[in-house]
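Student: Throw the hints in and build the complete structure from the sequences for me.
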Amino acid sequence: METFAQAVVSGVLTGTLYAMIGIGLTIVFGVMRIINIAHGEMVMLGMFGAYWGQTLWKLDPFLSLLLWTPLMFLAGVLVYRLLVRPILGGGELNTLLYTAGLSLLVANVALLLWSGDYRTISLSYGATPLRPLGLSVAAPLAIAFAVALGLTGALWAFLARTNLGRAIRATSQNAEAAVLMGVDVERVALVTFGLGTALAGAAGVLLAPSLYLYPTVGELLIVKCFVVVVLGGLGSVPGAIAGGLLLGVVESLGAVYVSAAYKDGIGFALFLAVLLYRPSGLFGVGR
Amino acid sequence: MPLLEVERLTRHFGGLRAVGDLSFTVREGEILALIGPNGAGKTTVFNLVTGFVRPSAGDVRLDGASVIGLRPHAVARRGIARTFQIVKPFPGLTVRENATLAAFLRHHARRDAEAAAVAVLERVGLGARADRLASSLTLVDQKRLELAKALATEPRLVLLDEPMGGLNPSEVDVAAELVKSIRQRGVTVVLVEHVMKAVMRVSDRVVVLHHGEKIADGAPSEVVKDPAVIAAYFGKRAA
Amino acid sequence: MRRALPWVVGVAAALAPLALGDPFLLHVCILVLMWTLLGAAWNVLGGFAGQVSFGHAALFGVGAYATMILYLKLGVAPWWGILLGGALAAAASLPVGLVCFRLRGPYFSLATLAVAELFRLLALNWESLTNGPVGFLITALPQIAPFGHPVDWESKATFYVMAALLAAGALAATAWLKRSRLGAYLVAVREDEDAAEAVGIDTVRAKSVTLALSAFLAGLGGGFYALYFRYIDPDAVLQIGLSIEMVFIAVVGGLGTVGGPLVGALFLTVLGETMRHRLQVGHLVVYGAFMMLVIRFMPEGLWGRAHRLFVAVQARRSKHAALGG
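Chains as they are written, first to last, in our numbering: chain A, 3 to 289; chain B, 1215 to 1453; chain C, 715 to 1039.
Don't read these hints as lab results, they were simulated from the structure. Keep in mind it's a predicted model, so treat the numbers as computed, not measured. We treat Cβ as the ideally placed atom computed from N, Cα and C, and that holds for glycine. Wrong hints could be hidden among the right ones.
As the list claims (entries may be wrong) - Over 10 Å on every C-beta distance to chain A, these chain C residues come out as not near it, computed from the model:
1. Arg717
2. Leu719
3. Val790
4. Leu824
5. Val829
6. Asn845
7. Leu855
8. Trp890
9. Leu896
10. Arg919
11. Ile954
12. Ile1009
13. Arg1019
14. His1034
Said to hold, decoys possible - Partial pick of chain A residues on the chain C-facing surface, computed with a CB cut under 7 Å:
15. Gly91
16. Gly93
17. Leu284
Tutor: Written as structure tokens, this is what we have:
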């Protein structure tokens, strides 16, 4: 029973971070109908930001969040304006291929700059795990979870309560109608892409102390991210949260009870099943 | 034996019953019109007959053999062709290429298919524009192309979904003559249409749908006077 | 005479590396030809049928593993193994298509990604079949002597000829497809699947047959890879990066064209290998950059754009001639 609880808790913690990455991808899809394959690289950049922050300036990763999040937002805005917007008229698949190119470009530039060596961040307070209720939880992961929860809550409030947030939701549901209602769809797109990138980068910073860091980690992350957003329904924020938690828990339980080697495979099998039988997501809210 | 038999055809979409217990037959060589107020389920009937949608219950038979469960291409192969209400050409291809693709169903060699396609294009009046891009055609010509594609599959029965929609009165007349000429060449026609003038002129028989059910079935002149039909279109008071 | 000219130039260009004999040049040419084969394989499904797959590495990998396993465990001569590898990849593609073709557009692409990753996990973990992460190594290739000439497996020239034949075959197959009824059907499927069904085109069968052809070619490429590099493991032949490279070659070269994969392979492989030589890691940066540039400025690809320019120049020249200029 204790193993089960441990696996579930572990799954929820990782799942929350998956969810955060997934939200970033799903809001961009919702507003612009593009699947940004380079999203994984945005997470990777956040990870390396945290790493260099600590290595060069002795900055604690969780503090460097304050630095990298706004920078990633800005980067997202620039990428949208300069790189993505010009090709939006070319169709879904062209955009998919284009972001695939961007993904490869960013990952390889990172390889050029930082080499393919695996890196880790070690924190003084990371060595001893916390022990709530007899379970064992790594401290950095617990902090990441708490911050992710806070950020997700803040995003939710933003989307629900502010005018800009409502504009984003409106554009996501029906772009034509939003334009007719006077929404500045261009501005919404700009902000959404920035937000998506910022969320990805923030997730990267939060995850950095808990994972191996290497420039091509984006490849693995983007596939997991797809699983999350398809499970939850493309375009749905609550869906991404649910999908992230589900994937985290399924992987964790799968690793313990089925096979550690095939744990990724369980996620993919689930992904294919959902794509085939409920392509609009487990909760039927996606497009 | 009638060419097409629709028997107790039913289709639910979630809680909505789009088509309910619908039965009618189509005799070979006749022109049957399917009419009814918007939302009556007419396009759904076409989708059910041609295999784009599976029925919840009921049967559809061509020459006595059921076509339920067949995918659309197999239904076309059996001899039922259709047009779409909102025309679906292959936009990046020329008129000739569009028709040739349809003709490939019955002619395997490209040359034969092209020859058959060109013949059909001439009959619908698109011969002169065979090398224009489908996306560059006017609405009338796009409708002609839609018809040509259906006819190039050499069907026994063709289902026309609102062929006159969006056409002006003189274009409607031309379209009506075209429909008649189809029947003259031995192809049975079922058309869904709102333009009453055309329906009256062209059809031998009319079936009226309302809320997915048949409420009238007979000659055009009788159906038009049927109180149930008038009530469906204009409300109970008018009847 | 004028029509024969491009063919003469082509054959001369093909024979030149053999004449020059430089091993590095031959190696790069072999890579170019292998990627032409793979790009053509992807192009058949992605360019002609419009189905963008991100999982073609799986088919490449099946071909590679099949060739290795047939040779090392069953003693089947590698050249037969390559053909069988292609056939097995085609067979494997049928259930994959059954699952993935139910989806359209980006959903299809994502599904192929998941399927390919599943193949990789299988290869990594099914140790009794695939040796897991250890992979397979060929230490000796069989002594054969067709037409009395013993084959020198150490010479790059041998592999160059093999690769050239395979690539030429792939391009020929593509050219045939373009002119056939199936090719026309694929255009219809690409333009409007429902309209295609309505005129009697069995869209599922068209896509499945095309996928099988695409898989066969990719499997041939995998078998060749196994023979040439003599070592395979899941990371070398089943990873996502390979799938992405195939896509890029076809797109940069020109989707749906016959010559596109050759041009794309020539361009990207030469640039990529040059960078790999200089930089060790990160050489794929070229692929990423060019993919973006092509989509932004030349969506019809290098070959497509060259073809368009060629046609325009021809038109102007014949106008000149007509005007007596």
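Student: Would you check whether glycine 93 of chain A satisfies its interface hint, that is, whether its CB is within less than 7 Å of any CB in chain C?
Tutor: Where the cut-off is 7 Å and the nearest Cβ of chain C is about 9 Å from glycine 93 of chain A, the hint is violated.
Student: Hint check: is the beta carbon of leucine 284 of chain A less than 7 Å from a beta carbon of chain C?
Tutor: 15 Å, violated
Student: Just want to verify: isoleucine 1009 of chain C was marked as not at the interface with chain A; is every Cβ pair farther apart than 10 Å?
Tutor: Isoleucine 1009 of chain C is in fact no farther than 10 Å from some Cβ atom of chain A, at 5 Å.
Student: Any Cβ of chain A at or closer than 10 Å to histidine 1034 of chain C, or is the non-interface label fine?
Tutor: With a cut-off of 10 Å, histidine 1034 of chain C remains clear of chain A, as the shortest Cβ separation is near 35 Å.
Student: Please check whether the beta-carbon of isoleucine 954 of chain C is more than 10 Å away from every beta-carbon in chain A.
Tutor: Incorrect as stated: the minimum Cβ-Cβ distance to chain A is 6 Å, not above 10 Å.
Student: Check the non-interface label on leucine 855 of chain C: least C-beta distance to chain A beyond 10 Å or not.
Tutor: Label holds. Min Cβ-Cβ 32 Å, cutoff 10 Å.
Student: If we take the beta carbon of asparagine 845 of chain C, is the closest beta carbon in chain A still more than 10 Å away?
Tutor: Asparagine 845 of chain C is indeed farther than 10 Å from all Cβ atoms of chain A, at 15 Å.
Student: Report holds if the minimum CB distance from leucine 824 of chain C to chain A is greater than 10 Å, and violated otherwise.
Tutor: 5 Å, violated
Student: Leucine 719 of chain C: least C-beta distance to chain A exceeds 10 Å?
Tutor: 35 Å, holds
Student: Given glycine 91 of chain A was flagged as interface, is its beta-carbon under 7 Å from a beta-carbon of chain C?
Tutor: 11 Å, violated
Student: Using Cβ atoms and 10 Å as the threshold, tell me whether valine 790 of chain C really stays out of contact range of chain A.
Tutor: Fine: 30 Å to the nearest Cβ keeps valine 790 of chain C off the interface.
Student: Quick one: work out the minimum CB distance from arginine 717 of chain C to chain A and report holds if it exceeds 10 Å, violated otherwise.
Tutor: Since the minimum Cβ distance to chain A is about 35 Å, arginine 717 of chain C lies beyond 10 Å and the statement holds.
In summary, the structure is inconsistent with hints 4, 5, 11, 12, 15, 16 and 17 from the numbered list given earlier, while agreeing with the others.
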